[in-house]
Structures are given as structure tokens and as C-alpha cells.
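**Q** Chains W and F, in that order, give the protein sequences.
Heads up, the first sequence is in the working numbering, so the first residue is 1 and it goes up one at a time.
Heads up, the second sequence is in the working numbering, so the first residue is 1 and it goes up one at a time.
Calculated from the structure, these hints are not laboratory results.
Keep in mind that the hints are not guaranteed to be accurate.
[Claimed, not checked] Among the chain F residues that face chain W by a calculated CB cut under 10 Å, a handful are:
hint	residue
1	ARG18
2	VAL19
3	LEU26
4	LEU119
5	ARG122
All C-beta atoms in this analysis are idealised placements derived from N, C-alpha and C, irrespective of residue type, glycine included.
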Amino acid sequence: MPIAVPVFFAAYQANVEEALRRVVRESGSPVERAMAYTLHAPSKRVRPVLTMLSAELCGGTAERALAAAAAVEMVHASSLILDDLPSMDDASLRRGRSANHVVFGEAIAILAAFGLLNHAFGTIATAYEPPLSSRLAALAAEAVGRDGLIDGQAADLLATDRDINFDLLERIHRGKTGALFNASAIAGALTAGADADAIKALSAFAKNLGLAFQVIDDLLDVEGNPSETGKSARKDLRKTTFVSFSGVAGAHQLAAELCETADNALAPFGRRAARLRELSAFIAARTA
Amino acid sequence: MTVDGHSGRTAPPSDDARVDELRQRLRALGYLDAGVDRFVLGPARASRRPWTIALFASIRVGALAALLLGPAAAIGVRARMPSLVAGPRDAIVVAVYLGLFFGLAVAASAFVAGALVSLAARQSDASFAKRGDRLSRIAGVAVTLACLTYFTLWWQTVVANVGWSAPYWTISALAIAVAIGLLLGHAVTIMSSAIIVAAVGNVARVPSMSWRTTIAAGLVAFGGAALLLTWSARAAPIDTPRLTVVPSGVRVRVIAIDGFDPAIFQDLADHGRMPALSSAFTQGAVVRIDEDRDRQDDPARVWTTVATGQPAEVHGVRGIETRRIVGVSGSVPAAEESPIARAIRGTTDLVRLTRPAIASGIERRAKTFWEVVSDAGLRTAVVNWWATWPARSDGAVVLSDRATLRLEHGGALDAEIAPSSLYQTLRERWPALKQQAVEMAGPLPSVISGDDRRALLRRSAELDAMQLTLASAVSTANTDLTAVYLPGLDITQYALLGSSTTPLDALAASDLAGRLAALREYYAMLDRMLAPSLAPAAGEIVIVVTEPGRVSARTGARMALLGANVSRGTIGDSDSTSVAPTILHVLGVPISRELPGRARLDLFDGEFARRYPVRFVSTYGEPSRSNAVSEGTPLDREMIDRLRSLGYVR
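Just need the whole structure built from these sequences, with the hints factored in.
**A** Put into C-alpha cells, the structure is as follows:
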């Protein structure tokens with residue numbers, strides 16, 4: 001049985017869902033429907049919730065961070081569509097249902113991915129005033145760009161069916177998962193006008209949490225139930241994963257230590273960071 | 001419902017070595033608790049040039065060293081110099097000072113290592129990147145070895161010098177040094193990696209160490225440090241033996257006269273103007289004391305040598321002026337007067353980090369003869385000797401060089417007198433004692449001309465008389481040893497002949513004659529004041545020790561013994577380190593083999609020498625560090641003012 005998300009999550013998730021439905025409708029052109037298909041698919045919305053919690057932690061409001069949170073989720077949905085393509089990971093199942101390209105075809109899926117990506121930058125540009133909008137756009141571009149999702153995915157593809165070392169694996173994870181986790185936390189902090197120290201602490205939190213998230217993802221691929229994970233089981237068998245290096249027990253251990261380090265990074269915020277700690281606890285224990 | 005995530009993450013610990021390797025890799029990549037790496041690499045995050053990274057990262061490595069080494073070294077200093085670190089506040093201040101010192105030293109070392117790595121990287125081709133991790137490791141190992149060697153030698157020579165005689169302390173100290181050395185070396189390795197990345201674009205691997213390598217390196221480093229410590233250790237100190245006295249039935253009174261010129265004395269004696277001292281010098285045994293004239297004009301240094309029987313390099317009191325570090329209640333010995341030392345002293349005084357202080361027992365590292373006698377269970381009293389403050393109540397009666405000042409000022413005692421109970425008695429008797437001293441000083445001879453000279457002689461005479469009066473007041477018929485230091489003659493001589501801004505050869509003959517006449521009169525006054533003290537009672541030996549003082553640097557010192565079993569006449573030469581063993585032997589106390597001087601048996605008749613051969617012990621140990629009674633306001637400022645008015649300090 002899946003581990004339930006923390007109670008406070010529901011309100012944040014509801015706000016995110018509502019915002020996403022406002023920006024991308026389920027009816028309309030095939031591309032728009034394809035965008036909505038992946039964006040509105042059942043999800044825990046960990047990244048946008050991280051954005052809103054970070055904003056609140058730094059003295060801002062979840063409401064002001066909502067547009068940035070939606071943009072983060074659109075970037076994430078875009079990356080999922082691209083990851084599942086036959087030319088990439090060639091996955092057929094995502095978020096508990098058929099992958100985007102299986103339903104809408106490869107061409108529409110690619111357009112939907114770019115549509116979401118474009119929409120994310122548009123949302124940032126229209127929701128926030130300069131210079132915050134510029135900083136958020138630069139942050140998103142960095143998370144997506146050659147040191148972020150794109151680099152991680154490229155390195156991942158090139159590593160398939162090959163032995164890779166641990167540094168390369170970390171680079172893949174950092175790009176594919178860590179970069180957007182980091183951007184999610186920092187985006188929330190920026191909407192709250194956080195100072196450099198707070199951003200630094202949140203960045204350390206997100207960095208460790210992002211890798212923990214990915215390690216657990218690797219573990220779920222080995223141990224998880226597809227009906228719970230919503231992904232094809234053992235689809236990463238051809239790949240070198242964290243589990244390949246550490247074994248299952250070792251991966252559990254290191255994931256726990258990464259989450260603990262993430263919690264420690266929040267020490268400067270004291271008890272105010274309780275919800276973010278709950279988030280990391282949830283990630284550490286998740287089964288889906 | 002909220003998930004108890006923390007319970008969910010406590011997976012059973014894996015003993016798989018691969019996991020530990022991965023943990024180390026993750027730390028090197030900035031995950032987990034790689035706080036030190038992140039801290040050191042802070043400046044390398046931006047795209048800076050290698051030299052800039054080396055500079056800023058070195059500062060951070062230095063800060064790390066300061067934080068770790070400051071408190072650790074302060075604990076070590078507390079073990080060696082308890083008088084400097086008298087409490088938590090002192091410990092904090094010393095930790096800050098030592099932290100700054102070590103921080104700067106380590107930052108400089110790290111920067112040198114970083115600069116060398118930067119140079120090597122700049123002059124190498126692209127393939128250098130593949131060897132970068134090796135160079136980083138070499139830089140780290142070099143800094144680790146340098147730190148460890150320095151820490152070990154520092155611990156050996158500055159802090160403890162006890163070698164393996166205190167194994168727990170030594171093992172702990174070495175283990176801490178190894179841990180800190182490895183950590184600093186690791187920091188330099190990480191810094192060097194960042195420099196290489198900035199210089200050539202990339203490194204093949206980020207250097208990291210597994211726990212096995214770390215433990216192995218730690219063990220090797222510990223072994224090396226232990227060998228170094230053993231190799232550099234001096235012989236382990238021997239426990240202080242118990243002193244056994246062979247009673248000679250003799251009591252000793254030591255009268256120390258500063259500023260004594262044997263030539264003037266002889267001239268006056270020949271004219272019958274110094275009957276008491278003349279009698280002592282003609283009827284007793286006299287030894288000429290040849291001094292190493294190097295810095296023998298400093299009374300605190302000279303008289304502490306006389307009192308301890310050790311040279312200044314051993315007893316630690318190198319001069320009247322010492323330095324006190326701001327924020328610390330203790331003091332440290334003044335450095336030798338090299339130009340560099342003077343420059344440092346001037347600078348630290350200027351920025352108020354240090355301030356001048358007066359030589360005290362805090363710096364003294366050897367026992368005085370009265371402390372040894374007291375340790376042996378005999379009754380002792382000492383009055384006004386140099387560097388006797390703070391007076392510690394370990395059995396002896398000590399009226400320190402600040403005692404008169406405290407008795408004049410009143411108020412709570414600040415360790416000027418020991419035992420403290422004596423202070424109240426003397427304070428109550430103070431008016432009477434003052435009157436007694438004035439009467440002992442007597443009227444000034446009418447031949448002394450000039451108000452200034454008369455005031456000078458009056459002041460000196462009353463000062464000497466006060467010390468003699470106090471010595472009488474605190475000693476009884478049962479006191480085995482009484483020692484009193486008389487500064488009046490030196491003060492007079494210096495004021496008349498040594499302190500003038502006009503060179504003596506530029507003075508008018510009449511002026512010079514007047515000064516000499518006044519000085520000669522003071523000799524006669526002193527002789528009169530000393531007369532009762534120079535007559536030994538039955539079973540008593542009076543020992544007069546003279547030093548030429550601050551002016552007559554070319555004249556010799558003397559030691560004259562008068563009383564039972566003492567030979568007659570001038571008997572050979574000696575040096576001032578022989579005074580203490582001679583006094584100790586007279587009282588039946590064994591002589592420490594650590595003393596460079598010897599007991600002068602030839603000053604006594606054959607019967608005494610036969611009955612009381614010199615006995616030896618290995619050591620007297622270190623001076624007592626027991627707490628002195630210190631409740632009142634320190635008289636530091638008043639002491640400096642007084643010594644300045646007497647011409648001792650500028």
C-alpha cells in the first residue's frame with residue numbers, strides 16, 4: 001500500500017492542480033490535450049510543493065509562489081514526455097497510464113513537451129515583475145539547460161548498455177533530478193526575497209534531497225510494484241543505477257543519510273522548517 | 001495522515017565496504033556532511049582564477065586551523081603554564097591568541113602549497129588533468145606532514161616537554177594532532193583540486209579517501225609523530241625527592257646589598273667609617289664573585305640568579321620588565337633585546353596587545369633557596385627580594401617586593417604577603433614599624449648638601465631601614481633562615497651617578513665631588529643601620545651578598561660569611577650560582593644536582609666540613625603553583641610608578 005503524503009500536502013496539491021488546470025486546459029487542440037494528459041496525470045507534485053514550502057519558509061506566501069510552482073511542474077512534465085520517447089528511454093507507462101507518445105503519437109508528444117516548456121517560461125514572465133521574472137527565468141533555463149536536465153538525459157542515453165563510473169552516475173542524477181529539485185527550492189525562496197544564506201541552505205537541502213529521491217527511484221525500479229509506482233518495472237535493468245554500486249541495502253542506507261543531511265541543512269531555519277522535514281521524510285519512505 | 005518518515009529511513013546499517021566507498025565519493029561530490037569541503041571550496045564556486053582560489057581557500061583553511069588548534073593548544077598551555085591560564089577567561093583569551101597564530105601559520109602554508117600547485121598546473125599541458133588528483137594528494141600529504149611535525153615539536157618543546165612520562169596526555173595530544181593534521185591536509189587536497197580544475201578545466205577524479213585509508217594514514221602518522229616525540233624528547237623528569245635535613249644547628253641570616261662597590265667600601269673601611277661591614281669582611285670568609293657581565297646590571301635577573309642558583313636562561317626572570325598580554329592575568333617573560341624583539345614589543349605595545357609589567361614569580365621556573373629550605377621543613381622568612389610577588393603561602397613567610405606598597409596603600413591583599421594572616425598583624429603595626437624605620441635611618445649627616453641629595457638619601461635610608469625592620473618583625477629566634485634585600489645603596493648610587501642626562505665626564509668637578517661625597521655618606525649610613533644585623537648570635541651565620549648594581553658594572557660582587565664555624569679571609573673566586581647551594585648546605589639541606597654552582601665547603605672550618613659533607617638530590621622540582629591569596633586590586637600600576645621613580649624602569 002502506498003505511503004500517504006503528509007496531511008498538509010493536500011492543500012498545496014489542490015492549489016497546484018487548480019493552477020495547472022487554469023494554464024493548460026484538457027480540451028482543445030491535440031497538442032493542448034497531449035500537454036494536459038501528462039501535466040494533469042495523477043502526481044504527488046513534490047517539486048511545486050517544495051517551491052511553495054520554500055517560499056513560506058523564507059517569509060513569503062505560497063500564493064505568490066504558485067506561478068513559479070506551476071512552471072516547475074510544467075518543466076517536469078515536459079521532461080517526462082521527452083524521457084519516455086522511443087528515441088530516449090522508450091517507456092510505455094508513466095504516472096499509472098500509457099506514456100504520452102503511446103496515446104498521441106511521437107510527433108504530438110514532442111510538440112506537447114515543447115509546448116509545456118514554453119508555457120513554463122511564459123508563466124514566469126507574466127506572473128512576476130522584473131527583475132524577479134528574469135532571475136526565475138534564468139534559474140529555469142539553468143535547470144533545463146546543458147548543466148541540467150538536458151545534460152543529465154544526454155549522459156544517461158550515452159551510458160545505456162555501458163559500464164559507467166560513479167561520478168558519471170551522479171552527474172546523470174544531478175542533471176535529471178537534482179537540477180530541478182534545486183531550482184524548485186530556490187524559485188520559492190526567490191519569490192519570497194530570501195537572502196543568500198537562506199538560498200544556500202535550501203540549495204544544500206534540495207541537492208541532497210534530489211539525489212535521495214533518485215536513489216529511491218532506482219530502488220523502486222528494483223523493489224517497487226508497478227501498480228504503485230506507475231512505471232514499467234525493471235525498465236532500468238540495462239542501465240547502471242545507484243543500486244548497481246551499493247546494492248539494495250546500501251542504497252537504502254545512503255538514501256536515509258542523504259535525507260538526514262538534507263534535514264540538517266535546514267538547521268538555520270529551526271522549527272519553521274518542520275514541513276520541509278516532513279517532505280524529506282515522505283521522500284525517504286515513499287513507495288511510489 | 002502524516003507518515004513517520006524518520007522511522008521509514010532507518011534502514012539497517014550495511015557493512016558493505018562499497019557503501020562506505022560510495023559515501024566517501026558522495027562527500028567528495030558535496031553531498032552528505034562534506035561540510036569541510038564545502039567550506040574550503042566556497043571561494044571556488046565562482047569562476048575565479050587559480051591564484052585567487054588559492055588565496056581565499058587558504059584563508060578558510062587557516063580559519064579552520066584556528067578554530068581547531070586554538071582551543072587545543074590553550075589546553076596544552078594550561079598544562080605547562082598554569083600561572084598564565086588562571087581561569088576560563090584566560091583560557092579563552094589564550095585560545096584566541098594561539099588560534100590566530102596557528103591560523104595564520106596554516107593559512108600561509110596552505111597558500112604556499114596552493115601557489116605551487118597553481119604554478120605546476122599552469123606550466124603543464126592538457127594531459128596534466130589526468131595527474132591532477134595525484135598532485136592534489138601530494139599537496140595535502142605535504143601539509144599534513146608539516147603540520148604534524150610542527151604540532152609534535154611544539155607540544156614537546158613549548159607545552160609539555162614531558163615526553164612519554166605522561167603517556168595519557170602524550171597519546172591524547174598526538175591523536176588530536178594527527179586528526180587535525182589529516183583534516184587540514186584533506187582541506188588542502190580539496191583546495192588543490194579546485195585550483196587544478198580552475199587552471200586546466202577538469203580533473204580525472206575528485207580525490208577522496210576511504211575510511212580504511214584514513215585509518216591507515218592516521219596510524220602511520222601517529223607512529224611517525226610518536227617516533228619524532230621520542231627522538232626529540234629530553235630525559236624524562238624524575239619525581240621530586242623528599243628533602244631530608246641533617247641539622248647543623250645553624251641559623252642563617254642573608255643580607256643582600258645591591259649597588260655595593262668594593263673599592264668605595266675598602267676606602268671607607270680603611271678610614272674607619274664602616275666598622276660593622278669592615279668587621280664582617282675581615283673577620284669572616286669572603287668570596288669574590290666573578291660575574292658574566294652580560295646584562296648583569298638588571299637587578300631582577302641578577303638577584304633571582306642568586307636566589308635560585310640557576311642562570312637566567314633556566315630561572316626565567318630575564319629582566320625587570322616583562323610583558324603582560326591583554327586579557328590574560330598572567331604574564332610572559334620579556335624577550336631578549338634583539339632588534340626584532342624590540343620591534344615586536346613596540347608594535348604590540350602600540351596596539352595595546354601587550355603592556356609592560358614587572359618581573360614576578362609568575363615567570364620564575366626554578367625554586368629559590370628559601371623555597372627549598374621551606375620544602376625541607378625549616379622555618380624561613382624572606383623580605384623584599386626581587387620577583388617574589390605573588391607570594392604563595394607554602395610555609396615560608398614571604399614579604400614580597402610589593403609588600404611595602406600594599407602596607408602603605410592598605411586594602412585587600414593581592415598576594416603581596418604570605419601567609420595572608422600576617423598582613424593584618426603588620427597592617428596594625430604599620431605606623432609603629434614606620435616610626436621604627438625612621439629612627440633606624442637616623443639623622444642625615446650635615447655634610448650632605450642640596451635638598452635633592454638629602455631627600456634622596458633620606459628616602460633610600462628609610463627604604464632600607466624599613467626592610468630591616470620588617471625582617472626583624474617577621475623572624476623569630478626559631479627562624480632558620482631570614483633573607484632580606486636592601487635596594488637603598490643601588491638607588492642612591494644610580495640616582496647620583498647613573499641617571500643623569502649629563503655624562504659624568506661633563507659634570508663640574510665640584511658637582512661630581514658632591515655626588516661622590518653623598519654616596520660615601522650613604523655607605524656609612526648603611527653600615528650604621530646594618531650594625532645590629534651583622535653581629536651573629538650564637539649558632540647563627542650571617543651571609544652578606546653584594547652586587548655592584550646598575551652603575552658599577554665593572555666592579556665585582558662579594559659574598560661574606562660571618563659566624564660560627566666560618567673560616568677567615570678572602571677565599572677564592574666563585575660565581576653567583578654558588579650562593580644558593582652554600583646557604584642550603586649551611587642549613588643541612590641536600591644540594592640539587594641540577595644546580596650549576598657548588599656549595600663552598602672551603603668557607604668553613606675543617607670540623608664543619610667533615611661533619612657535614614655535601615649531600616645531593618636529583619632535583620628540587622618546579623616552583624609551587626599553589627594559588628596565592630589574591631582578593632584585592634593589583635598594584636601593578638603603582639609598582640611600575642614606584643620603580644620608575646626609583647629609576648628602575650623608563
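**Q** Hints the structure violates: just list their numbers, smallest first.
**A** Hints 4 and 5 are the ones this structure does not satisfy, whereas the remaining hints hold.
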